[in-house]
Amino acid sequence: MAINLAVDLGAGLKLKNPVLTASGTFGYGTEFADFIDLNRLGGFIVKGTTLEPRQGNDSPRMVETPSGMINAVGLQNGGVDHFIEHKYPSLTQYTSEVIVNVSGASVADYAKVAEKLAPLDKIHAIEVNISCPNVKAGGMAFGTTCEGAAEVTAALRKAWPRHLMVKLSPNVTDIASIAGAVEQAGADSVSLINTLLAMSVDVERQRASISTVTGGLSGPAVRPVAVRMVWQVARRVSIPVVGLGGITCADDALQFIMAGATAVQIGTYNFVDPQVTVKTIDGLEDYCRRHGVDDINKLRGII
Amino acid sequence: MKEYLLDFKIADRTVLPGGCAMIEFERADGEKLPPFRPGQFVEIKIPGVPAAMLRRPISICDVTDSGRLLLMVKPAGEATRHLTLMPAGSVVSMIIPLGNGFDTAGAAGKRVLLAGGGVGAAPLINLCRVLADADAQVEILLGGRSARDVQGLPEYYRGSEQVHVATDDGTVGHHGLVTGHPVLNERFDTIYVCGPTPMMKGMAAIARNRGTECFVSLENMMACGLGACLCCVEKTVKGNVCVCKHGPVFNINELTWQ
Chain A
12 MAINLAVDLG
22 AGLKLKNPVL
32 TASGTFGYGT
42 EFADFIDLNR
52 LGGFIVKGTT
62 LEPRQGNDSP
72 RMVETPSGMI
82 NAVGLQNGGV
92 DHFIEHKYPS
102 LTQYTSEVIV
112 NVSGASVADY
122 AKVAEKLAPL
132 DKIHAIEVNI
142 SCPNVKAGGM
152 AFGTTCEGAA
162 EVTAALRKAW
172 PRHLMVKLSP
182 NVTDIASIAG
192 AVEQAGADSV
202 SLINTLLAMS
212 VDVERQRASI
222 STVTGGLSGP
232 AVRPVAVRMV
242 WQVARRVSIP
252 VVGLGGITCA
262 DDALQFIMAG
272 ATAVQIGTYN
282 FVDPQVTVKT
292 IDGLEDYCRR
302 HGVDDINKLR
312 GII
Chain B
26 MKEYLLDFKI
36 ADRTVLPGGC
46 AMIEFERADG
56 EKLPPFRPGQ
66 FVEIKIPGVP
76 AAMLRRPISI
86 CDVTDSGRLL
96 LMVKPAGEAT
106 RHLTLMPAGS
116 VVSMIIPLGN
126 GFDTAGAAGK
136 RVLLAGGGVG
146 AAPLINLCRV
156 LADADAQVEI
166 LLGGRSARDV
176 QGLPEYYRGS
186 EQVHVATDDG
196 TVGHHGLVTG
206 HPVLNERFDT
216 IYVCGPTPMM
226 KGMAAIARNR
236 GTECFVSLEN
246 MMACGLGACL
256 CCVEKTVKGN
266 VCVCKHGPVF
276 NINELTWQ
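Protein chains in written order, with my numbering: chain A, 12 to 314; chain B, 26 to 283.
Simulated from the structure, these hints should not be mistaken for laboratory data. Fair warning: there could be bad hints in the mix.
No more than 27 Å apart at the CA atoms, straight line, and that leaves these computed lysine-lysine pairs for BS3-like [as the list claims (entries may be wrong)]:
no.: 1; chain 1: A; residue 1: K25; chain 2: A; residue 2: K127
no.: 2; chain 1: B; residue 1: K260; chain 2: A; residue 2: K98
no.: 3; chain 1: A; residue 1: K290; chain 2: B; residue 2: K270
no.: 4; chain 1: A; residue 1: K290; chain 2: B; residue 2: K27
no.: 5; chain 1: B; residue 1: K99; chain 2: B; residue 2: K263
no.: 6; chain 1: A; residue 1: K169; chain 2: A; residue 2: K123
no.: 7; chain 1: B; residue 1: K57; chain 2: B; residue 2: K27
no.: 8; chain 1: A; residue 1: K290; chain 2: B; residue 2: K70
no.: 9; chain 1: A; residue 1: K27; chain 2: A; residue 2: K290
no.: 10; chain 1: A; residue 1: K290; chain 2: B; residue 2: K34
no.: 11; chain 1: A; residue 1: K27; chain 2: A; residue 2: K123
no.: 12; chain 1: A; residue 1: K290; chain 2: A; residue 2: K309
no.: 13; chain 1: A; residue 1: K98; chain 2: B; residue 2: K270
no.: 14; chain 1: A; residue 1: K98; chain 2: B; residue 2: K27
no.: 15; chain 1: B; residue 1: K57; chain 2: A; residue 2: K290
no.: 16; chain 1: B; residue 1: K263; chain 2: A; residue 2: K98
no.: 17; chain 1: B; residue 1: K27; chain 2: B; residue 2: K70
Fair warning: this is a prediction, and the values are worked out from it, not measured in the lab.
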C-alpha cells in the first residue's frame, strides 16, 4: 500500500512529511548532518533570528528537570545579516523546507528581519516567535495578549510575502483566543507550544539553577499540556496547526496529529537522539501501514 | 572530525576506592573505536532512569591495549550512579567523539604538567600517553579531598615520569590544594588542567603569572554536545562560544578569567 505522508500547511508551504525540527534545537541543520540525511525531513526551522546579533544570557543557561530541561539561552544568534551571508547559502542545497524563526524586541524589528529575508527564494516560510520567555523586551510580551499577538502578526503580514507561521506561548490563560486573534490578523498557520515558564533551585548552592532564575521548560514533561493546547486551538481556528512539545517518537507525534495538528515539530529530543526525526518519520509510515491508513491526513483531528 | 552514534557494551568495570568506576566498553557491533584525540568526550545515554532525559557528557579516559574504550564515571546523580552499577553486557548509546580535545602538537622535548582534580583526572590519562609517546617529559599532579580519592589512579598514567599528589586532609602527598603543591615552583613548558572551576582558575592564574602556556578543559552544563542548543556557552575573548564544540579545551588566553 502506498502511504501518503505529505501535508499542506497552505500558502505555499508543502512538506514531504509532517516532521519539522523546532527552532533552537537543531542549529542550522549541519550540526546533525553526521547522523541523518537532512533531506528526509519535512523541514527544519533554524535558530531564532533577530535584527542585530545577540550574545544571549549568562551561564548557566540550562538545568535538567524530570523528563525535561529548563533553558534560558536568550536568543543567541549572529543576526539576520549574518544568517543571510553565512548560513543561508549552505541551506539552499536541501530538498527539505527551511523555515526561519524570527524574533524581535519591537514590531518594527520583526518587520525589518522579515523584509531582509523576503528575497531568499529557498525560505518559503517564517515562524514568528512571540513566545520566547527568556528575553525581556519582545518575545513573550507580545504573545500573552490578543492585541499584542495580532499587532505583530499584522505587521509581518505586510512585511513577509509567503507563508507566515506564528508560534504561540503556553504561558497564557486562554491560548485558543490568542490563536484566533493571530488568525484574524493574517497568519497562515500557528505552531504551539513554546516552552512553559519554569524555575528550579539549586538547594546546595542556595541559588537559582540558571542565571536568569526563570526559564523555559521543554521535553516530555510538557507533552500532555501541549497536546491539550493543540486540541483546544485546532477546534477554534481554521488555519493549520503545527504541534510541538516533548515529542520523542511517532506515537507522540500521532497524539498531536489526532488532536488536530497538520504537522509537528521535534525539539528537545534532538539533544537526546540526533536521529529521532527520521525514526519518527519511519514510525509514522509504519503506524499507517499497521492500521491500514493510506494518508496521514486522515488521522488529523480524529479526537 | 566525524561524529558517530554507536551502541557500546560494558565489558569490564573497576570501582576505585574513591567511588569512581573505571568502565571498559566495546562496540556492540564488534568494530574498532572511531579515531579520537585526548580531551574529547562522549555523550552517553544511560538507560533505566527515564526521568534523566539528557545524555551525560563524559571525558574519554583512554583506549585499553585490547582496544576497549575506557571511561571514568563519578556517581554524581541518579543516572551516573546507575551507570556505575550496570552489569557487564549492558548496552548504552554514545555519540563519539565530541569536542576539540587537547592540542598536543610540538610536544617533543617539552616538560609538561597535567593537573587533575577529582574526576578531572580522566581526560589526562590518554593525554599523558599521547604526550609521552610524542617524547614529552610528562608529570602528573592529582588532587582530592583524601587519600582514597586518588588511590588507584596513578597507575593509569602510563609514560609519566612522576605522579604528584595533593590532598585537602594531607592523608597522602602535599597537605592542601593542588594550586599550593611545591612542584608548581618548577618550570614547565605547558600545563594542562582539568578539574573543578576554582582549581582551574587557580592554576590558570599561576600559569599566567609565570608566562607558562596553559590549557584547561571546561565542564559547563551541556544538553546536546553538538553545538546546537547553545546551553553550555563560555564567555571568551571572541564572545560566547559552545564548550561542547569549540571546547571543552581552551587556551587560558581565550578565556575572560582574570
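Each hint tested on the structure:
no. : hint              : verdict
1   : K25(A) - K127(A)  : holds (23 Å)
2   : K260(B) - K98(A)  : holds (23 Å)
3   : K290(A) - K270(B) : holds (25 Å)
4   : K290(A) - K27(B)  : holds (21 Å)
5   : K99(B) - K263(B)  : violated (32 Å)
6   : K169(A) - K123(A) : holds (11 Å)
7   : K57(B) - K27(B)   : holds (15 Å)
8   : K290(A) - K70(B)  : holds (17 Å)
9   : K27(A) - K290(A)  : holds (15 Å)
10  : K290(A) - K34(B)  : holds (22 Å)
11  : K27(A) - K123(A)  : violated (30 Å)
12  : K290(A) - K309(A) : holds (21 Å)
13  : K98(A) - K270(B)  : holds (17 Å)
14  : K98(A) - K27(B)   : holds (20 Å)
15  : K57(B) - K290(A)  : holds (26 Å)
16  : K263(B) - K98(A)  : holds (19 Å)
17  : K27(B) - K70(B)   : holds (19 Å)
Hints 5, 11 from the earlier list are contradicted by this structure; the remaining hints agree with it.
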